[in-house]
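Undergrad: With chain A's structure known, arrange chains B, C and D on it following the hints.
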Amino acid sequence: MSAVPLTLQLLNFCAALLLLLSFAMLSQRRVVNLVNLLAVQGGVLLLATLLLAARTGQHHLYLSAALTLGLKVILLPWLLHRLIRRLGVYWDAEPLLNISGTMLVGVLIVVFAFGLAQPISQLASTATRNAIGIAVAVVLLSFLMMITRRKAMSQVVGFLSMENGLFFGAMSATYGMPMVVEFGVALDVLVAVLVLGIFFFQIREQFDSLDLHHLEALREEAAERGED
Amino acid sequence: MSLELLILLATPLTGALTLGVLGARRFAPELNVGFSLLTFLAAGALAVRVVAAGQLLVAHEQFFIDAFNVFLVTLTALVGLTTAIFSRPYMRVELEHGRVRPLQLRLYHSMYQLFMTTMLVALTTNNMGLLWVAMEAATLSTVLLVTLYRTAASLEAGWKYFILCGVGIAQALFGTILLYFAAEHAIGGEGVSALLWTHLNGVKGQLEPAVLSLAFVFLLVGYGTKAGLAPLHNWLPDAHAEGPTPISAVLSGLLLNVAIYAVVRCKILVEGSLHSALPSQMLMGFGLLSVVVAVFLLWRQRDIKRLFAYSSIEHMGIITFAFGMGGAVANFAALLHMTVHSLTKSAIFFAAGHAAQKAGTQLMDQIRGLITLSPTIGWGLMMGSLAILGMPPFGVFASEFLILTTAMREQPWATPILLAALAVAFAAIFGRVQPMVFGETTAKRLPHPPALLPVFVHLGLVLGLGLYIPPYLADWYRAAARLIGGG
Amino acid sequence: MTPAQYSPLNACLVLLVLWGVIGVAGLLRPTSLRFVGRTLFPLSALVSVALAAVAGWSLGVAPERAILAIGLPDLPVHLRRDGLSSVFLFLLGAASAGVSIFAAGYFRRGHGTSAGLQCLQYHLFLASMGVVLLADDAYAFMVAWETMALSSYFLVTTQHGLPEIRRAGFLYLLIAHVGAISILLSFGVMQGGSWQFTFEAMRGARLPAPWAAAAFLLALFGFGAKAGLVPLHVWLPEAHPAAPSPVSALMSGVMLKTAVYGMLRVTFDLLGQPVWWWGLVALAVGLFTALYGVVFAAAQSDMKRLLAYSSIENVGIIFTAFGLAIVFDGVGMPMLAALALIALLYHCLNHAFMKSLLFVGTGAVLHSTGERNLGRLGGLIHRMPWVAWLTLIGALALAGLPPLNGFVSEWLLLQSFLFAHEVPHTFVNMLLPLGAAVVVLAAALAAYVMVKFFGVIFLGQPREAALARAHDAGVLQRLGLVWLAAGCIALALFPTQVIHYLRGVVRQLSGADLPAQTAPWWLLEPIPGRQASYSALVFLLAVTAVVLLTILGVRLFYHQRVRRADPWDCGFARLDARMQDTAEGFGQPIRHIFAQFFVLRRELPEPFDRAPRYRVLISDRIWLRLYQPLAGLVQRIADGFAWLQQGRIATYLLYSFVTLVALLALVL
Amino acid sequence: MRPIELLTQLLELAAALAVAPLFLGWINQCRAWLQNRGAPSIWLPYRGIRKLFHKDAVIAGNASQLFRLAPYITFGAMVVAAGIIPSMGTRLPFTRVADAIALVGLLATARVFISLAAMDVGTAFGTLGARREMMIGFLAEPALLMIIFVASLISSTTALPAITEHLATQTLGLYPSLAFTAVAFTMVLLAENARIPIDNPATHLELTMIHEALLLEYSARHLALMEWAAALKLFNYACIGFALFIPWGVSTGQGGPLALAASIPVLAAKLLAAGGVLALIETVSAKLRVFRAPEFLATAFLFAVLGLLVHLLLGA
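Residue numbers (numbering that gives the first Met the number 0), protein chains in the order written: chain A, 0 to 227; chain B, 0 to 486; chain C, 0 to 667; chain D, 0 to 315.
Since the hints were derived computationally from the structure, they do not count as laboratory data.
Among the clues, some could well be false.
Unchecked claim - Counterexamples of contact, computed for chain A against chain C with all Cβ distances above 12 Å:
| no. | residue |
| --- | --- |
| 1 | V43 |
| 2 | L74 |
| 3 | Y89 |
| 4 | V190 |
| 5 | I197 |
Stated by the list, open to error - With a straight-line Cα cutoff of 25 Å, these simulated SDA-like cross-link-like pairs (lysine to any residue) come out:
| no. | chain 1 | residue 1 | chain 2 | residue 2 |
| --- | --- | --- | --- | --- |
| 6 | B | K203 | C | L667 |
| 7 | D | K54 | C | H558 |
| 8 | D | K54 | C | L555 |
| 9 | D | K286 | C | H591 |
| 10 | D | K50 | C | L551 |
| 11 | D | K286 | C | C569 |
| 12 | B | K203 | C | L663 |
| 13 | D | K50 | C | C569 |
| 14 | D | K54 | C | C569 |
| 15 | D | K54 | C | R554 |
These numbers come from a predicted model, not from an experiment.
Every residue, glycine too, gets a C-beta built ideally from N, C-alpha and C.
Bound-form chain A, shown alone (with noise of 0.2 Å):
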């Protein structure tokens, strides 16, 4: 173990931080901590970043740790807490699957992600190998979340929490990808956050209520035919 250098230690300490923060959100039914865990997944996220561009010295992954900083750790959980408050939705209901099921769920998913990540591992290069699987168990988590929640904005919560395990994959499995990319992607999170406010309020007049079963009436129901 003292082979392995410190940097490291704590980047693997990170992957672990970010699978303990995503469990605690499927965890979560507040919307209000369940932000506050997106805010301090993000500081992992820089944290992680911060240790790579240390250890690596690639100077990209400096800039993108400063818009790590600026939008998923201040300015998306400002917006969101904005839109809570603005909105007054604190409570998630009771989820479609009580919370020890979906834990036990994310277990499997957990074994799942990294049976997959396996054979990438064995080819990474870079320094945090077996942080790939740790960035598919994220992700996948974060579906899951999204799959159980009932509020709109729990889903957005998961939503923006599986980016984060995509940009924690890229990283840690290519250092990130090219900066116009990071960009790209920085500026559609960011587009994505605001089309979503501008959603809420659509919905909030509309339903005066983010619950989403308010959102189940397109659906396929019998259709007698006419002649034919």
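TA: Relative to the frame of chain A, chains B, C and D by itself:
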């Protein structure tokens, strides 16, 4: 950076900005048409140049035009133009009905141009990452258009569109990352170039199969969601039905094509590295599943735009199946089918949109006797439906002819399914369209004459493609088919 | 064109184009009956005559090709005219000439599609049939084929205001489309992986046996759907009554034959070597169709439905001959195969004339009485003698009675059946002669049907007062009727000449041929030495001679006095026209004997009804047992899929998730 | 053609025309004897015909030309049929014109015209008769064709004279298959000629009759022709039966005047015997309900098919 390309990409972008300011003025629709026209001209020039000078690699290799995407670019620009022409009177009527307010009209026009930009970027870029960015941007630019009417249904549709496509596209991003990862491995990590399709294509032989198969799954699920392949299609009918008709037309006619385009680009790489039939089988599976699911859901539609949305899913399925079969003929047929489908389907949406406006409803049971109400709309809808159902001498038949005959030889097991599916589709769609076109009418006339020029231009083109494919076009298709491989 | 480059094929093409031009011309003044009806349609009739002449003249001419510069990139439109095409082109021209000239007098003001548009669709229909017969590659064939279906669909739905007509059109186009896809798949098999869709390449391709069988069966399904083989016949009795009578005449007289043409083309030309058991399949289907069709025809009470079902019967007979030909050809009896094929082609020609004649006859009746229901017709022979007597010719011909033409082809068919026992397969050689019995039963029933058809419409007393105002057909309509009747008679009296031409066609098609004909020109003796001979001409002369002699004798030896009186009323003095036997009554024995064919619903009057009424609803068992369950099945599956789509976004996300995980597991 | 052949032809026609009513008379005679009641004069049919010819024709007011033409056509058809069937000699110049199948067709034509004529007046009875007549027809025709099939399988031709000649000059004279078909043929004959058990020529009770219902509106010369044609039809059927099943005695091959002369008494003998047999059958059997007729004729068809199979099996 070639001039044509510059104009091609810059025009809609400036259009988006300009209309973002002036979009609410009376002349905004004309402006919209103008920008689209300019784009189309640029696309034409580009096509001519590429046909003359072969493929084109510009802007530090960031942009890349070859036979495969150049005809899609032209097609996109053309449909963009005709849709703009169509939306002029259409949105006017909507305005008078008070379904939209001037400010929303501004949003509409600006987003329309932005959407065109993203489409064109996605088609012309050489950078898989940029492709992803453009696809995501396409979603974002259309999602607000879907909710333009602010009705409950449109909001729901928009929300589903946003979430499902967002999540889907996120998978695509992960796939792209894995691709990058593998590429870095093969090429050695000089950052940017490892995402350039041309480079990847060059070294696809050495890409790590294990990674690429994973990457392909993520990419397929991601872009497949946008292409509306079952079971990832659920956003599509809602978004098509609830948005304004011009948007339904471009979503169906362009976005789906571009998504398929992305999938095929990825397939080329993955197949090159895997040397296994896995990707083809996945495509064929998705294709058949989409066709079957779509035709059976067609059977029970009541909303005219939903109906044709499902028919779009069906045709995407057919195209995917054809690409999955591979081989010169099948690829050729698939490309042809992409062309004729987007032309026909947008034409149908134009006609259907006018029909719905005239009848004041989208429910097919309440639309009757169009042929007496307005012969042009009636015949447009009738001919369009017959064309999309693969009735010769329309071009859709030409491609289906090739696809079916190929399937009969290559994948005979699939033909009974296709036969049954096409039969059900015919019964479903024609059984609905016939009473709408024929019979006794109820609705009243409207002040604005319908802009049916686009409808008949499109149908004319499709008809022409059915009877005679000009040599240079055929060469395009052949070259593209060769590019995609198998040929 | 100069005689140097004159070729029948070019001439045919020019004529087809002319049809197209005439059709488009109809759009110039779409609502003017004078222009469309009195000018364009006679012109198109002239074109038809020219086509018939060219085709007839080109029967002996060697096959010729042409390639047009349109079509798919690697597949320009190939055209080829050989004997087979010529026969059917002749059929097309000759039949459509009569129908068009009739149609010229048929147009009326009325809502529905305008005359000009009908003119366009009508001529598109004719031209596409012509192209079907000339096409020499799969794509051109399919395009023409579907254009034919489409144009006829629009003609069927001329009166699209009425729901039942829309329904008929829908059913027709649906089945036609499914059939077309099946034909397409059959072509897909036949191109044998060479990706050459020209018929030339298909002739060259040697398919392994199972593939060849698949191609044949697919083609049988596809063309059978168009020809109206049971159980794919359901569209036919709906579409034929729905269409205007001239169109029904064309659909029944000519379009059904294009399906036969396609079947012959595929089996004997493209596949080359048919296997004998294919013939058994076709034979079985054909026989069943013949019986089914004629039994239902006997039970109908709508005159056009009746004719439609009788068309199904004749298609059945044609496919019986087809199957027989394949069997003989497969077991190496070329002479008999030739005989069966000649019978087949002959019957095609016959049916084209007879059925067109009857349909335009009903058209004339419909035109002057506005009535299609047999229960409201009767006694028209007094009001419309022309139509009546000319229709009688068609009816007798269709009943297969000598000396008219229907008998000739059935006679040839039976002659070839006589040898079935020599087929070197046990069971087959015992069962085949029974097929002959079925054919005869069908023919005899056809006579029954025709007696009902003619008797109820034209004989007896008028069942409605309105019929007193019925007027005979106009000049143009008479011309059409006369032309078709003359065709029937010509085909009846000069079989040897017709067969002389058909022999060449059959030789070209399958290499089989009859032995050299030794009989004199007036005597039909297909296989010399068997003394099985028939001469319609002498036959007719003999009967007429005897009849004339008898009449003469009676006049000579006895007197001519005739008194008119009321018919014998059994002392019940208040007999009126409505007490005549009805069409339903006439069909009653058939319903009784073939009860298991029908699903009957009867409404019998109560003894003390104020307004007693008797109604019988006859429905097609196949429709109830096959098609409705099919629709139900589709509905159920659709509901199943719909259940998956409940609008909850979480569910949709779950679908994506599961798909993702499943695929990942797949590649793992 | 040789004069002798022409002579034969003419003789046959003359015989048919002359003897047909007599044959009818003879059958009635026999039946009367069998039912031991006093027999009417054997010449009665002739008298009836002659009387009818002299009467004034009364025609329904709305009868059309078809109605007046039908009797002549029917009569003509029967005469032509008589010319085809080899009752005395097989070398008939006219027979090449029509083989057995054409003969069946000819009889069918006659039937159709009678039925149409019956429908022409438009009374209930006419249509009823026409309906039943056509029903019997389409049931009987397949059976008759099967019968002819068997015979023509044996002699590999459908020309009636050729069949007769082949059968008559055959050394082996005994065909089990023909035995079956003979039974079938007798049944068809009864049905086709409106005899018991299908129809009762002696009754005028409208609801049970077939043949009489058809002729209900006819009178005078038309009726006479119809009756004569009916007699001819019966005679023809009898002769078909002779030609197929007891062909011996006709002048075959190069048989000269002597053979022809010899064949006349033979024919007479056959007719007498046949009349007796018919009378016997009609006496011992009762009339069936109309809807038993299908079963009756189905049985006939079955016998014919059995004959066919037996032939294919034994080659005899």
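Undergrad: If a hint holds in the structure, say so; if it does not, say that too.
TA: The hints, checked one at a time:
no.: 1; hint: V43; in the structure: 25 Å, holds
no.: 2; hint: L74; in the structure: 26 Å, holds
no.: 3; hint: Y89; in the structure: 21 Å, holds
no.: 4; hint: V190; in the structure: 21 Å, holds
no.: 5; hint: I197; in the structure: 18 Å, holds
no.: 6; hint: B/K203 to C/L667; in the structure: 20 Å, holds
no.: 7; hint: D/K54 to C/H558; in the structure: 9 Å, holds
no.: 8; hint: D/K54 to C/L555; in the structure: 15 Å, holds
no.: 9; hint: D/K286 to C/H591; in the structure: 20 Å, holds
no.: 10; hint: D/K50 to C/L551; in the structure: 19 Å, holds
no.: 11; hint: D/K286 to C/C569; in the structure: 23 Å, holds
no.: 12; hint: B/K203 to C/L663; in the structure: 21 Å, holds
no.: 13; hint: D/K50 to C/C569; in the structure: 24 Å, holds
no.: 14; hint: D/K54 to C/C569; in the structure: 22 Å, holds
no.: 15; hint: D/K54 to C/R554; in the structure: 13 Å, holds
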